[in-house]
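*Asks:* What follows is the residue order along each chain.
There are 2 protein chains.
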Amino acid sequence: MTIEAKQGLESRAIQVPPSITRELANAAMSVEGLIPLWFGEPNIPTPKFICDEAARSLAAGETFYAEGLGRPYLRDAISSYMSALYGKSIGVDRIAVTVSGGNALNLAFQSVLEEGDTVVTLTPAFPNLLSIPKLQGARTITHALEVKDGKWSLDVEAFLETAKGAKVVLLNSPSNPTGFMLTKDEIARIMEVLRERGTWLISDEVYARTVYSGKAAPSFLEVSEPEDRLIVVNSFSKTWAMTGWRLGWLTLPPSLTPVVEKIAEFSIASAPPFSQRAAVVALEQGEEFVAQMAKNYQHARDLVCNGLLAHEGVTCPVPESAFYAYFKVDGVTDSIAYARMLIEEAKVGLAPGDAFLVGEPGWFRLCFAQTDEQLNEALERLSPFLAKAREIA
Amino acid sequence: MTIEAKQGLESRAIQVPPSITRELANAAMSVEGLIPLWFGEPNIPTPKFICDEAARSLAAGETFYAEGLGRPYLRDAISSYMSALYGKSIGVDRIAVTVSGGNALNLAFQSVLEEGDTVVTLTPAFPNLLSIPKLQGARTITHALEVKDGKWSLDVEAFLETAKGAKVVLLNSPSNPTGFMLTKDEIARIMEVLRERGTWLISDEVYARTVYSGKAAPSFLEVSEPEDRLIVVNSFSKTWAMTGWRLGWLTLPPSLTPVVEKIAEFSIASAPPFSQRAAVVALEQGEEFVAQMAKNYQHARDLVCNGLLAHEGVTCPVPESAFYAYFKVDGVTDSIAYARMLIEEAKVGLAPGDAFLVGEPGWFRLCFAQTDEQLNEALERLSPFLAKAREIA
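Sequences listed follow chains A and B, in order.
Numbering of the first sequence is given in the numbering used here, commencing with residue 749 and proceeding in unit increments.
Numbering of the second sequence is given in the numbering used here, commencing with residue 749 and proceeding in unit increments.
Isolated chain A (complex conformation) (with noise of 0.2 Å):
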């Protein structure tokens, strides 16, 4: 054996932390009459309209490979769609289709990056976001939103301070786990400050439609030009209810679009060409779908953070957008023992604060994305352990 052979499995892989709520999940299979609001992913499977698309697709034969960048009809309806929605040309050179949001992800890391790498970003964070770039050799640096007044908040002159030096300044909002939202002008100084400097920005917009006033969050795309350093994450996951399809896509530089298609070949190549048919429809017929998700989200977001705020010990700045409320329980000590021990006692899964590289113990989150039926049962079967959770913990 050489010496090289016996570090075995000490690859970069083996460092990057596994998914807490996973393990958890994983752990809580044999739990019967569990409620599961742990995962970001709607309760309803995709509309039949796109489903139907899709199988339409699949009887007329279309399983063969797909162009790199996605299929051209796909591309175009992503361009209209993306103009439409936020009241500027976005040349359909600029869209790639990806294999979900974390491929877009990855793909946006991979033509950007280089070992050894700073990418910043604030917390709480959607874990993947971090572990991406990590996986691909770079150092990270987090900065913490603030609570301010009962909501989420960031001191967007103190973070642009902290991502001095950075190659890649990586913001999701609307953001997962918190609900926070950057205003319009929060966006437009942060993109002049990063175009000045030359820093990457990706941007995971998501949730951009996720939201519980006008049709779509504020973007980087309206304060941009098309070179600029800006690379837009979107997927079709939690919009339309696609979550299992595994569909994204990028808007990108127009110079960087052949990047992308580049690393695109090596890694999936392109989506299925019968999900690809399917996604059209959800962009182009799928409107009023979004508007009811909208409504079902903003209604479940009251009821929960009511049931979660009737609860002294229980802080729970009020999301504005996505579809999770993250809240903390006073006293106590360790988020991942506290919501292992909700899975057995109250049977209902939540996500550990932890997961979400929080250092502060306490924090929870918590997927509303149900039926009332369910989220009332949740709440009804928490209630204890949100008011004694200092003798608890």
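Hints are not guaranteed to be accurate.
Identical chains share a label here; the pair holds if one copy fits it or two copies do between them.
No more than 20 Å apart at the CA atoms, straight line, and that leaves these computed lysine to aspartate or glutamate pairs for DMTMM-like [unchecked claim]: (1) 1043 / 1068; (2) 836 / 940; (3) 932 / 1060; (4) 882 / 863; (5) 796 / 940; (6) 896 / 1120; (7) 1095 / 780; (8) 882 / 865; (9) 882 / 862; (10) 932 / 789; (11) 882 / 1093; (12) 899 / 1050; (13) 896 / 1068; (14) 836 / 1125; (15) 796 / 1102.
Just so you know, the hints here were simulated from the structure itself, not pulled from any lab data.
Could you slot chain B onto chain A? The hints should help.
*Replies:* Same frame as chain A, now just chain B:
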């Protein structure tokens, strides 16, 4: 602008060459009546019984996130399929469903590679095999197959000498583009030496079922123990005409499975559940189709190889597997230029040898997964350019 920012688009991605074949194909989009034989793709759509199962699953609302390693029913089906095929138990704890063979290769390399490690493989080779580890920061070394007595052949001991000190040996048998296939004895010898050295072996066996005698090509799984440092890559693409679906799988040492699960979480997460249902049906009800395809390919191989060998200036080692003729035209000094000329003048699309990491000019790959009519027409169109190569090139 900081110095860092000025470096701009000089990331690792930029340095990996794009796919030569993809570039030629893109440039040829407008050539009417072209017979495209460059890509490795069966000419028929996915069998109806497989598509129908996906449609049924979609109609049943199976559109949610799947487990990182794949749906349990598909992992079970793969374990049974592999165990039956190779006559030994291959446990479900070794199986990871992936989003294409390319994704499988990415996950395999990510799970064992570190920046600066060396990967050794054989040429001619499918270029993505080396682009993937290169994008992950590895150094790559190639060792050339030879043509002996009209067949591709490998000096195994010389190759093992080349592979000394490598972290990973990558093999692709049956091979794209050559159709070269390692014998059972060669496989046993390579496994023995690499085991002794503690070297990782990634064995890309996506053409395992595209063989002209027997049910499958010899596999490293047949001569290995579960905890050997062996990762086998398979795909649904070629065997069941499912190229567009992006579905593959890995067979891993059980201890590596959790590592791949973790990386998959940060990559694409998991293939669509409706595709995974279709994959089960392919595995369980596809044998008749697989056998028929092998017969068709053998017939097409004979047709094409005889057609090519009728020309004095053509060298065409007869492939034992896969669905490519990889042949040399005497006198061609620039395969890419010649392939470009063939697009324009013969209206036939071939992949130039340069695409397969081969230095020697004059080689081309022709995919014969086509109808007799198309193949005969292509041979006729190519005929003057095979006879006259010396004058034209």
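*Asks:* Hint by hint, where does the structure go against what was stated? Just the numbers, ascending.
*Replies:* 3, 5, 6, 10, 11, 14 and 15
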